[in-house]
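Number of protein chains: 2
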Amino acid sequence: MSQILIKNANLISMSENKEKIIYGIDVLIENNLIKKIEKNINENVDKIIDATGKFLIPGLINTHAHIPMSIFRETVDGYKTQEWLEKKIWPMEEKLTEEDAYNASMLSYIEMIKNGTTTINDMYYLQNATLKGAIDSGIRLQITRTLMDIDGSGEKRINELEDFLQKYTNINERVSFNVGIHGLYTNSEEYVQRGIKIAKKYELPINLHFAENFQEVKDIKKIYNVESPVDVIEKYFKNVHLILAHCVKLLDKEIERISKLKVYVSHCPISNLRLGCGIANVLKMLENNMCISLGTDGQGSGSNLDMFETMKFTALLQKGILEDPTQITSYEVLKMATINGAKTLGLENKIGTIEQGKIADLLILDLDMPNTRPINDIFSQIVYNVKGINVDSTIINGKVLMENRKLQIDVNEKEIIRKCEEIINRINKI
Amino acid sequence: MSQILIKNANLISMSENKEKIIYGIDVLIENNLIKKIEKNINENVDKIIDATGKFLIPGLINTHAHIPMSIFRETVDGYKTQEWLEKKIWPMEEKLTEEDAYNASMLSYIEMIKNGTTTINDMYYLQNATLKGAIDSGIRLQITRTLMDIDGSGEKRINELEDFLQKYTNINERVSFNVGIHGLYTNSEEYVQRGIKIAKKYELPINLHFAENFQEVKDIKKIYNVESPVDVIEKYFKNVHLILAHCVKLLDKEIERISKLKVYVSHCPISNLRLGCGIANVLKMLENNMCISLGTDGQGSGSNLDMFETMKFTALLQKGILEDPTQITSYEVLKMATINGAKTLGLENKIGTIEQGKIADLLILDLDMPNTRPINDIFSQIVYNVKGINVDSTIINGKVLMENRKLQIDVNEKEIIRKCEEIINRINKI
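First to last, the sequence lines map onto chains A and Z.
Going by this note's numbering, the first sequence opens with residue 1, and the numbers climb by one from there.
Going by this note's numbering, the second sequence opens with residue 1, and the numbers climb by one from there.
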């Protein structure tokens, strides 16, 4: 049994019906669980962390990413999306090996730990490598093998996904699974239905790119012969736990309709801007009581896995577009990056808040820096000013993976960086 | 004579007609000037900095800020602008002393140095304190005493500005001046003209808030009895070096008209979103060959003085709003934050690029971190991924103010933070 005692922290638990902030409180972690949250806990423990003056928040949850794409960051400038995929990404992806995907995933995991993200939802391929990296690095992962049949690989992908689920279902307590259906426009009705069948069989969420851009919506209308992409969701995805990445191109009435289903939105504002998709109407979704979580998307379009930056963009874009600075509170945005992320992945009983009995996935923030003082509003401070550099310590599953900004994992950061550079040099050669 | 030799850097000079990047080159700094840029310089110098594998870029230039407002960061959430000013900012400002402004300015200067900004344009009051802080901290400052007569203080402010200019004109080589006219809506025609007269007398740029929001434009039309706020600019500001902060609410044809004048735009995207103003049409301005530089605005609305973040918002907003990812290159955005900033402040012969004969205001960037590798496009890497943490060293006026992320100035950072917290505690009491 391992015990960690965090002393004298300022606790932002994000749990409903509790005080939004409690100053000077102790948190006892036993193995991977939060055992006790009280003033002045005195127990003999293996490790004491003095968090005096620091802030404890739940670890951030990134609900949409393509983890091995770390090595493709900043390849997109000057391209339209389709051209970028055809000329840059797909030719590079063809040359990726499992080992490449492992190293590229490790780069992402190190980036996450250093920037306060504790859980990530992956949608890619070479998933064995991504899974192994998650186990080695200590992060929490929800993973899939993405389904798509537009390129004729539908059957192969279905088989790979089923093999993957059967082989790994209980591999590690930090790993969960979903069924990734790449898109409605990249899957025929047959494969959409087969994906849903697998999700029902294994009782997993479905993870779907949806309404990201204008062209996609046009394609869906044509392929499915429908008036609205929501028609397809209503027809096939009733009573399915459905994670929808993007939702940029939805009309108000489509948001109203979709809000009645068991739908969770992963809002990816930075990627949506970068690819020229536009800005999702998050406020309309909130009005309709939808659960909004946040994603960075892959680094190819999202540049990095920085969830603090994603919170900032989320808040500012809604205020700016509506031209109303009173819209969307900082507390609401922090919820999106924590408990809403947990709900989106179906993990809300385990993570997303700091509460007794939940798993210890949390961050210690050091705000004693010139860009984060004075503190006039702690929630706005977190959303608008905190950066990775303020993440003093990252704890996942009760393990300290970074302390005082030093990685505590058995990984050579510089070596991973070098290997990733070698990959990109190799696959860029003819 | 002091000499610093930077060895083996990857140079991004931002000077026109030169290579965009030169790998493995040396830069010799003598006193405050760049003396030589060559391969393999061998001289006996006071200090050698090994920049192997690192990137040298010009120091970033922030062309719109209200420096002592650091202590007001995150007081704005939930308020409309006017209500925020009336209920929060003005009552607090009334209680500020010169010493408060000094400490609040120092907090901003430390923030700048640690985040790679070397020059800042201030528009505020208590300017003696802000000036003293700049001299003490080592940063480069352009400063004014802002003119405004809507509150009946017009005459007083004019006198204070003239006194200030006469007293301090040659106080320090790092300090330059402009004439800050707060706004057309906060000054009558008489005071606008008196401000212009002072600018002409001292041969200084004019610094003006302009077309920031809808209400301002409405007010200008009414006060000046004009069809467009540009009518006022055309009438009074011809042949004046005019820095216009914001320019959010300009129609396309107004941009075309204003582009024909000697106008420099300070684009402040983060503050504009935060206050619900909207998004300036930067692409239209670029089409009309206008000089766009970047500003953070005061931390009250801009949260921080992070010019890397400002570059990222600038690029992403234009791509996202126009729904065209090919728009606005990363190189163009880096120009805005460097040489265009210098042009805006009338300092382009001194700073803004790394060239022989120019003043040594420059940054050494360390990109060997998980969020900034691999490097597929160095300019996009800088605009979309580099953060303050990547600024290894900051050199201003030939002096190393930060090295290996450690401040080299005679200022106690923690003490400044504590003092700023004391100020806010004091002025928030009744």
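You may find that some hints are simply not true.
Copies of the same chain look alike in the list, so a pair counts if it works inside one copy or between any two.
With a straight-line Cα cutoff of 27 Å, these simulated DSSO-like cross-link-like pairs (lysine-lysine) come out [said to hold, decoys possible]:
id	residue 1	residue 2
1	LYS419	LYS36
2	LYS284	LYS39
3	LYS406	LYS54
4	LYS7	LYS414
5	LYS429	LYS235
6	LYS260	LYS167
7	LYS95	LYS399
8	LYS253	LYS35
9	LYS7	LYS197
None of these hints come from the bench; they were simulated from the model.
Model, not experiment: these values are computed from the prediction.
Quick rundown of the hints versus the structure:
1. Proximity of LYS419 to LYS36 under the C-alpha cut-off of 27 Å is found in neither arrangement, the shortest distances being 42 Å within a copy and 36 Å between copies.
2. Taking CA atoms no more than 27 Å apart as the test, LYS284 paired with LYS39 passes in neither setting, with 41 Å inside one copy and 58 Å between copies.
3. In this assembly of identical chains, LYS406 and LYS54 lie within 27 Å of each other by CA distance both inside one copy and across copies; the values are 17 Å within and 22 Å between.
4. For the homomeric pair LYS7 and LYS414, the shortest alpha-carbon distance between copies (22 Å) is at most 27 Å, but the shortest distance inside one copy (33 Å) is not.
5. Proximity of LYS429 and LYS235 under a CA criterion of 27 Å is satisfied in neither setting, with 46 Å inside one chain copy and 59 Å between copies.
6. Taking CA atoms no more than 27 Å apart as the test, LYS260 paired with LYS167 passes in neither setting, with 35 Å inside one copy and 68 Å between copies.
7. For the identical chains of this complex, LYS95 and LYS399 are neighbours neither inside a copy (35 Å) nor across copies (47 Å), given an alpha-carbon limit of 27 Å.
8. For the homomeric pair LYS253 and LYS35, neither the shortest alpha-carbon distance inside one copy (45 Å) nor that between copies (64 Å) is at most 27 Å.
9. Neither within a single protomer nor between protomers do LYS7 and LYS197 lie at most 27 Å apart by alpha-carbon distance, with minima of 48 Å and 62 Å respectively.
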